[in-house]
Amino acid sequence: MKNVLQEQLLKAGLVTEDDVDKANRPARKRPPRGGRKPVERSRGKAAPPKASQEEIDLRKAYAARRAEEKREAARKKAEDEQRRKNRQKVNALIRDNALDHSQGDVEYQFLIGSTIKKIWVTPAQRQALLNGELGVTFLGGKRCLIPASVAEEILALDPKKAIAIVSPEVDDDDGEFAVPDDLIW
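Numbering-wise (numbering that gives the first Met the number 0), the sequence shown opens with residue 0 and increments by one.
Hints were generated in silico from the structure; no laboratory data involved.
Honestly, I wouldn't trust all of these hints.
Said to hold, decoys possible - Think about it this way: if two alpha-carbon atoms lie no more than 25 Å apart in a straight line, the pair counts; the simulated PhoX-like pairs of lysine-lysine are:
#1 Lys116 / Lys159
#2 Lys21 / Lys10
#3 Lys159 / Lys141
#4 Lys141 / Lys84
#5 Lys160 / Lys75
#6 Lys28 / Lys84
#7 Lys88 / Lys159
#8 Lys76 / Lys141
#9 Lys76 / Lys160
#10 Lys160 / Lys84
#11 Lys88 / Lys160
#12 Lys10 / Lys28
#13 Lys141 / Lys75
#14 Lys69 / Lys84
#15 Lys88 / Lys75
#16 Lys117 / Lys84
#17 Lys160 / Lys116
#18 Lys88 / Lys141
#19 Lys69 / Lys59
#20 Lys141 / Lys160
#21 Lys159 / Lys117
#22 Lys49 / Lys59
#23 Lys75 / Lys117
#24 Lys141 / Lys116
Stated by the list, open to error - Restraint-style ranges between C-beta atoms, simulated for each label pair:
#25 Phe137 / Ser166: 34 to 40 Å
#26 Leu98 / Ser166: 15 to 21 Å
#27 Lys49 / Glu80: 44 to 50 Å
#28 Gln87 / Glu151: 14 to 20 Å
#29 Glu54 / Ala22: 37 to 43 Å
#30 Ala62 / Glu132: 54 to 60 Å
#31 Gln52 / Glu80: 40 to 46 Å
Backbone N, C-alpha and C define an ideal beta-carbon position, used for all residues, glycine too.
With the hints as extra help, turn the sequences into a complete structure.
Take a look at the structure:
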């Protein structure tokens, strides 16, 4: 059955019979243009997209590298922490075992690296330094006298710590023209 309005428009000559038939036909659905795809709803979780073997290998390589970087960072952090604790122990050993040399009236010269340093000590301390019973080190930029046993403990904790100790073995470069260590100029 035709619509009354359509019949009136047809009688008035405003539309043709083809237009009326076209309007009465069911409309075709067009697929949407571009944009988003329609969402399919499912009751369960959607299966993840399958990854290729190359992507899986790449993920494993990245995960292995991340794990290695974490292990390296943890190792470095542990080493830094150990170094800091050793430095605190060394400073405590020097503070607790440093001998007083403020009353020194004899100059003692010692070698640190390639630099000659001086410290004023008493004659008894100078003799102990020459015998290898005492050593000289630094704490807070100041020179400190410490016993040789403490110096060995410090070197065990921190091998890079600057400590001057006379070694008991004699290094004779001059051969027959050896100069005694206790010679005062």
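Taking the hints in turn, this is what the structure says about them:
A hinted pair counts as satisfied when its Cα atoms are at most 25 Å apart, and Lys116 with Lys159 qualifies at roughly 18 Å. Proximity of Lys21 to Lys10 is assessed by CA-CA distance (about 17 Å); at most 25 Å being required, the pair is judged to hold. A threshold of 25 Å between alpha carbons decides the hint, and for Lys159 with Lys141 the separation of about 17 Å falls inside it, so the pair holds. For the suggested pair Lys141 and Lys84, the alpha carbons sit about 21 Å apart, so the restraint of at most 25 Å is met.
This hinted pair checks out: Lys160 and Lys75 have alpha carbons roughly 20 Å apart, not beyond 25 Å. Straight-line distance between C-alpha atoms of Lys28 and Lys84 comes to about 77 Å, which puts the hinted pair past the 25 Å bound. This hinted pair checks out: Lys88 and Lys159 have alpha carbons roughly 14 Å apart, not beyond 25 Å. For the given pair, Lys76 sits about 30 Å from Lys141 by alpha-carbon distance, which is inconsistent with the 25 Å threshold.
The straight-line distance between the Cα atoms of Lys76 and Lys160 is roughly 21 Å, inside the 25 Å bound, and the hint therefore holds. For the suggested pair Lys160 and Lys84, the alpha carbons sit about 14 Å apart, so the restraint of at most 25 Å is met. Between Lys88 and Lys160, the direct Cα distance comes to roughly 12 Å. Compliance with the 25 Å bound is thereby established for this hinted pair. For the proposed pair Lys10 and Lys28, the alpha carbon gap of about 31 Å is over 25 Å, so the pair is violated.
Restraint check: the Cα-Cα separation between Lys141 and Lys75 comes to about 31 Å, which exceeds 25 Å; the hinted pair is violated. Taking the CA atoms of Lys69 and Lys84, the gap is about 22 Å. The hint holds against a cut of 25 Å. Distance check on the hinted pair: Lys88 and Lys75 sit about 20 Å apart at the alpha-carbon level, within 25 Å; holds. Taking the CA atoms of Lys117 and Lys84, the gap is near 30 Å; set against the 25 Å cutoff, the hint is violated.
For a cut-off of 25 Å, the pair hint linking Lys160 to Lys116 stands: about 16 Å separates their Cα positions. The suggested pairing of Lys88 with Lys141 holds, with an alpha-carbon distance near 18 Å, which does not exceed 25 Å. A C-alpha spacing of about 15 Å is found between Lys69 and Lys59, which places the hinted pair at or below 25 Å, so the restraint holds. For the given pair, Lys141 sits about 14 Å from Lys160 by alpha-carbon distance, which is consistent with the 25 Å threshold.
Distance check on the hinted pair: Lys159 and Lys117 sit about 20 Å apart at the alpha-carbon level, within 25 Å; holds. Taken as a hint, the Lys49 and Lys59 pair is honoured in the structure, with Cα atoms around 16 Å apart against an allowance of 25 Å. Taken as a hint, the Lys75 and Lys117 pair is broken in the structure, with Cα atoms around 37 Å apart against an allowance of 25 Å. Restraint check: the Cα-Cα separation between Lys141 and Lys116 comes to about 11 Å, which is no more than 25 Å; the hinted pair holds.
Remark: the range hint 34 to 40 Å for Phe137 to Ser166 is contradicted by a beta-carbon distance near 19 Å. Between Leu98 and Ser166, the C-beta spacing of about 20 Å keeps the proposed range 15 to 21 Å intact. Checking the proposed 44 to 50 Å range against Lys49 and Glu80 shows it holds: the Cβ atoms sit about 45 Å from each other. A beta carbon spacing of about 18 Å between Gln87 and Glu151 agrees with the range 14 to 20 Å that was offered as a hint.
Distance hint check for Glu54 and Ala22: the Cβ-Cβ separation is about 54 Å, which falls outside the suggested range of 37 to 43 Å. Range check, Ala62 to Glu132: about 58 Å between beta-carbon atoms, so the 54 to 60 Å window is met. At about 42 Å, the CB distance of Gln52 to Glu80 agrees with the hint of 40 to 46 Å.
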